[in-house]
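Colleague: Assembling the complex is the task here: the two chains are given apart, and the hints tell you how they should meet.
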Amino acid sequence: MKTELRPIASALLLVISSAPFSTAFGQGSLVPPGPPGPTMKTLDQIEARTPLTNSGAVAISQSGSYYLTHNITVASGDAITIAADNVTLDLNGFTISTTTTTPSGIAIDLVGTRHSISILNGFIQGSAGTSNGLTINNEFNSGVDYSNAAPDGARVSGLTVNTVLRHGVYLGLNTSSIQSCFVDNAGDTGLDASFVSDSVAYNCGTGAGISGRTINNCNASSTSSGFGIYAVNANNSAGTSASGVGIESTYVNYCVGSSATGDGLDTATAYNSTGGTTSTGGANGLYASVLACNCTGNCAGTGRGLYAPAALSCVGYSPVGNAVEANTAQNCYGNTYSADGVRAKTAENCYGYTTGNGSGIVVDAAAMNCYGTSAGNGSGITVSSFGPNNAAFGVAQNCIGISSSGVGIQAINVNNCNGTSASGTGISCSGATGSAGQANGAGSIGINASGIVIGCTGTAPNGGLGLSAYIANSSFGTTYNSGIHEYNMP
Amino acid sequence: MFMSATLTGAAVLSALVLNASALDARVQAVSGQGQDRSELLYTIAGNRMRIERTETNQPHVVDIVVFDSNAVTLVFPQNHGFIQFSAEAEPSPGLGATNSSPGPPPGLGNAGPFIPPPVMEKLELQDTGRKTNLLGFECKLYELKQRGRAMEIWATDQLPDFEPYVENQQRRFKPHFIEDQWQELLRAKKLFPLLVKLRMENGSERMSFEVQSITPQHFTEEDMKLFAPPAGYTRLQPLPF
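So the sequence lines, in the order shown, correspond to chains W and U. Position 485 (the first sequence) corresponds to 485 in my numbering; numbering is contiguous. Position 165 (the second sequence) corresponds to 165 in my numbering; numbering is contiguous.
Just so you know, these hints were derived from the structure itself, not from any lab. Among the hints, a few may not be true.
Stated by the list, open to error - On the chain U side, residues computed to face chain W include the following (Cβ under 10 Å):
no., residue
1, Val66
2, Gly81
3, Glu210
4, Pro240
Unchecked claim - Counterexamples of contact, computed for chain W against chain U with all Cβ distances above 10 Å:
no., residue
5, Ser76
6, Thr267
7, Tyr307
This structure is a prediction, so every number in the text was calculated from the model and none was measured. Just so you know, even glycine gets a beta-carbon here, dropped at the ideal spot from N, CA and C.
Chain U on its own, in the form it takes in the complex (with noise of 0.2 Å):
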C-alpha cells in the first residue's frame, strides 16, 4: 500500500524530544563473519540510535531506533521509502527453554494442525568474572555457549543501550543459533559489547564484532535530521503476518 505521510523536516524536528542521555558519541565498529565484513557506525543522541553501514558499495539501509518506544525505523535509500516497527520486548523463541508450548508459525493463526517446534538449549549470558578496560571503558567477559561454538563477549554498561543492525523487517523463524541471539541478549541486559568472538568446537573462528573507535558527540539541533527519515521519504507498510 502507498501510504502519503510524507514526513517534513520541520514535523520531525518538532517530534524530536531529546533525554538526558550518558553519552552522546559517535561508535564505529567492524563485525566480520566468514569472509564478510561489515563497518558500522553508532550515532547516539539522548534516546535514540542510529545505525548504517558505512560502504558505499551500494545504498544501505539504515537503522533508527528510538529507545523510550522501541520504535525502529529502517530508512531505504534505494526507493525514498522507511518502515517502521516496534523492537521486539519479548525474547525469541530459542532466548530460553520454556515449558509452554509455543504458537504456531506466524501467518497461520489458529487454522489447521500445527506440529510445535522443538526448544532450543537455553541461552544465557554468563558472567566469567574477569573485567577489563577497552577504549577508556570498564568491560566485563561474559560467555555463551551453544553445541561446542563458544562466544566471548566483553561489554560495557557505561554505553546507552546496544541495537543489532538490520536490514529489513524482523524475520519471521527466528534461528537459534548463537550468532543470531547474542545481540538481543546483551539488549536485555542493557550491555554495550566492544569485544566480541565467536569460535567453533575446533578453534576456528566464525565471528567477530570489535569497536574501533568511540568519539563523544555534540549534536545540533540540525545534527538530529539524522534521527529520522529524509524529508519527502514515503511511509511504506512494513510486510504482513
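The following block holds chain W by itself, in its conformation from the complex (with noise of 0.2 Å):
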C-alpha cells in the first residue's frame, strides 16, 4: 500500500506549494503609507455648544445649546433668563443657588412666551437656616417658571429643586412634560406640565404636590392642603396630603391616595387604586363621581370608606362611616364598626359586615347573592324601598342575612334566602318563597311575614315562634302563630 501512494501524494504537494506564491509576490510593498486619519466627530460638529462660564447669573438670548462649567450662585433675582426659542440647556450637573433671603427670584426664568426649551441635568438648591431664632431660607421664589404665559415644547429632565418659595418646576399646561426631576420642600406646587413622569415631589404646599394633565409613575406629597397630585390622568402614581385630598384626578388607574384630614382618592373614574384618609372626622377613603373598579377605600372616622355610584369589585372599610356606598354595588366587600357595611340601592354578590350597630347591608331595591352580618342591632340585610303610590317592592334573593340582636333579614320580598338572629328575627317580610328563617332568641320569631310564604322554613328552637304568616303554602314552622292560613301543611 505504501509504495503504491508515494507518486500521487508527491503530485499533490507539488500543485499545492507552487499555486499561491505567484499572486503573493504581486501586492507591492509591505510598508503601510502612514498613521490612519481620524474618524470621530468633534462635539460641536454633532451639536455646536456654548459654554456658560459665569458664575453668576446669566441671560441667553438666541436659540442654541449651552452648558454650565461651574456652579451658579445670584445674590438677588433671577439665576438664568431664556429669552430666546429652541434652547437646550445643560446644567451638566452643577448646581444654581441663590443668597438671597427675601425670595423673589426665579432661578430658570422662561421669559415671554417661549417655544422648544430643554433643561436638563443638575440642581437648584435653597437653604434653610436660622437667624436670631427666626428661620431664613436662602431660596429661589421657584425653580424653574415663566413668568408671562405658559411655554410650547418646553421639557425638563433630571433636574433637582430643594427648597423653594413657591414652585419646584412650573411648566404650565401647554405642550410640555416634566422627566426624572426630583423636588422636595415647595410652598406651592413641586411639579407642573401637561405630561409628567417618574419623577417624585416631596413636601409642597398649598398646590399639589405634582399637577397636570397625564402622571405616569410619580409620587408627591403636600405638606398643607394642597393636593398631593391633581391631575386628568394618573397612573401607577401615589399622592399623599396633610390637610387636602391625596390624589385629584379625573381618571386614576393603578394609584394610591392618602391624606391625613382630607379625602384620600378623589375622582371621576376609578381603576385599580386605593384611597386612604386617616381622618377622625368625615374624610372619605375614596370618592369617585362615576364608577370604581378594583378598588379599595379605607377611612378611619365618619366618612366613607369607598363611595361611587357604581362600585364594582371594590373594598371599603370604615369605623364609624358605611364602608362601601354605591348606588349599584357588584362584587364588593364593607366592614365597618357601627354603620352599614355595604349601602346601595342595589347590591349583587356583596358582603358587608358590621360589628356595632349598623347593619351589614342595607338597599333600596334590591340585594342579590349577597351576605351581610350585624353584630350589634342592625341587620343583617335590610331591603327597604316604596315606588309610586307607596308601593313597597324591596327584594332580597339568594341571600344570607345574620344578625346578633336585629333581623336577619328584612325586606319587602325574601326568595332563597336565609335569616338567623341570636335575639331577633330571623327573616322579617310581606312574603317569602324558598327562605328559612332562624331565630335563636327566647320570644323571637322565625319568620314574620305579613302576607304569604310558599316552601319556607321557620324556626325557634329556644322557646320563640317559628312561621307567622297570613298565608303558609308548603311550609313547616316548629310553631305557628294562631289565624295562620294554612295550604299543603304538614
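Modeller: Right under this line is the structure:
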C-alpha cells in the first residue's frame, strides 16, 4: 500500500506548493503609507454647544445649546433667564443657588412666550437657616418658571430642586413635559406640566405636589392643604396630603391616594386604585363620582371607606361611616364598626359586615346573592324601598343575613334566602318563598311575614315562634301563629 | 406660574367699598365631625366676610369673600400667597335632581367617551314651621334628609349670607352627601345657620355646627385690612381645570 501512494502524494505537494506564490508576490510594498486618519466627530460637529462660564447670573437671548461649566450663585433676582426659542440648557451636573433672603427671583426664568426649551441635568438648591431665632431661607421664588405665558414644547429632565418658596418646576399646560425630576420642599406646587413622568415631589405646599394633565409613575406629597397629585389622568402613582386630597384626578389607574385629614382619593373613574385617610372626621377614603372598579377605600372616622355610584369589585372599610356606599354595588366587601357595611340602591354578590349597631348590607331596591352580618342590633340585610303610590317593592334574593340582636333579613319580598338572628327575628318580610328563618332567642320569630310564605321554614329552637304569616303554603314552622291560613302543610 | 401682582395695603384699602350692612359682627362657631373639631371665626363687615380657624396648631387658610362679586380669596400664610376665584353661583350636581345630562368630568373637555354619572336624590331644605330664638335671633328649623340621614338646621335670615369655610380651591368632584351640601343650600336661601346636627339612621350624631357667640362690631379703616391679603403677599394661580 505504501509504495503505491507515494507518486500521487508527491504530485499533489508540487501543485499546492507552487500555486499561491504566483499571486503573493504581486502586492507591492508592505510598508504602510502613514498613520490612520481621525474618524471621530467633534462635539461641535455633532451639536454646537456654548459653554456658560459665568458663576453669576446668565442671560440667554439666542437659540442654541448651552452648558454650564461652573456652579452659579446669585445674590438676588433670577439666576438664568431664557429669552429665546429653541434653547437647550444642560446644567451639566452643576448647581444654581442664591444667597438672598427675600426670595423673589427664579432660578431659571422663561421670559416671554417661549417655544422648544429643554433644561437638563442639574440642581437648584435653596437652604434653610436661622438668624436670631427666626427661620431664614436662602431660596428662589421658584426653580423653573415662566414670567409671562406658559411655554410650548418645554421639557425639563433630570433636575433636582430643593427648597423654594413656591414652585419647583412650573411649565403650565401647553405641550410641556417633565421627566425624572425630584423636588423637595416647595411652598406651592412641586412639579407642573402637561405630562409628568417618573418624578418625585415631596413636602410641597398649598398647590399640589405634582399637577398636570397626565401623570405617570410619580410620587408626590403636600404638607398642607394642597393636593398630593392633581391631574386629568394619573397612572401608577401615589399622592399624599396633610389636609388636602391625596390624589384628585379625573381618571386614575393603579394609584394610591392618602391624606391625614382630607379625602384619600377623589376622582370620576378609578380602576385598581386605593384611597385612604387617617382623618377621624368626615373625610372619605375613596370618592368616585362615576365608577370605581377593583378599588379599595379606607377611612378612620365618620366618612365613607369607598363611595361610587357604580362600585364593582371594591372593598371599603370605615369605623363609623358606611364602608362601601354606592348606587350599584357588585362583588363588593364592606366592613365597619358602627355603620353599614354596604349601603346601596342595589347590591349583587356583596358581603357586608358590621361589628356595631349598623347593618351588614342596606339596599333600597334589591339585594341578590349577598351576605350580610351585623354583630349589633342592626340587620344582616335590609332591603326597603317604596315606589309610586307607596308601593313597596324591595327584594332580597339568594341572600344570607345574620344578626346578633337585630333582624337577619328584612325586605318586602324574600326569595331563596336564609336569615338568622341570635335574639331578634330571622326573616321579617311581607312575602317569602323558598327561604329559611331561624330565631335563637327566647320569644323571637323565625319568619315573620305579614303576607304569604311558600316553601319556607321558620324555626325558633329556644321557645320563640317558628313561623308567623297570614297564609302559609307548603311551609314548615316549629310553631305557628294563631289565625294562620295553612295550605299543603305538614 | 409666579405672578408678580403683589398687593400693597394702600391699594387694598382704596379698593374697599363698603356697603351698608345689616350687621357688622364677629361670629364664633364650632364645627365638629367625628372626632375632628374646628373653631371658626366669621368676621362680617358690609359686603365682606372673613372666615378663619382660630386653632393655633398650624397655619390655617383664611377665606375672604366679597358677596357682590362672589369673589373668594384664599390666603395661605404658609407661603405668603393667595389665590382668587369665583364662588360657584350655580348649585352643585347633587343639589337637585335634573333631567339634563351632566357634562363630562372636569378636565376632560369634549374628548373621549364619557359615561354620565347617575343623578342623586334631590336635596331640598324643608321648612318645618318650627321657630325658636337663638342668641337673640329668630330662627326657623329646616330639615334635610338623604338615605336615612337627617339634618336639622336652625337658621336665621337676620344675619348676612353664609359662606362655607374652605381650605383650598373648589373640588372638581363635588360630593353628593348631605354633609357636603347643606352650606350651599343655606347660601342659596340666604340663611345663616346657628345650630346644625346631622344624625344617622341609628340616631348617632355625625356632624354638628353651632354658633357660640355673635358680637356686633364697629370696624375702623385699619380693621378693613382683614378683608384683603396682607401687604407683600403674592397672588398665585389656582390649579387648572
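Colleague: Taking each numbered hint in turn, which are not upheld by the structure, reported in ascending numerical order?
Modeller: Hints 1, 3, 6 and 7 not satisfied by this model.
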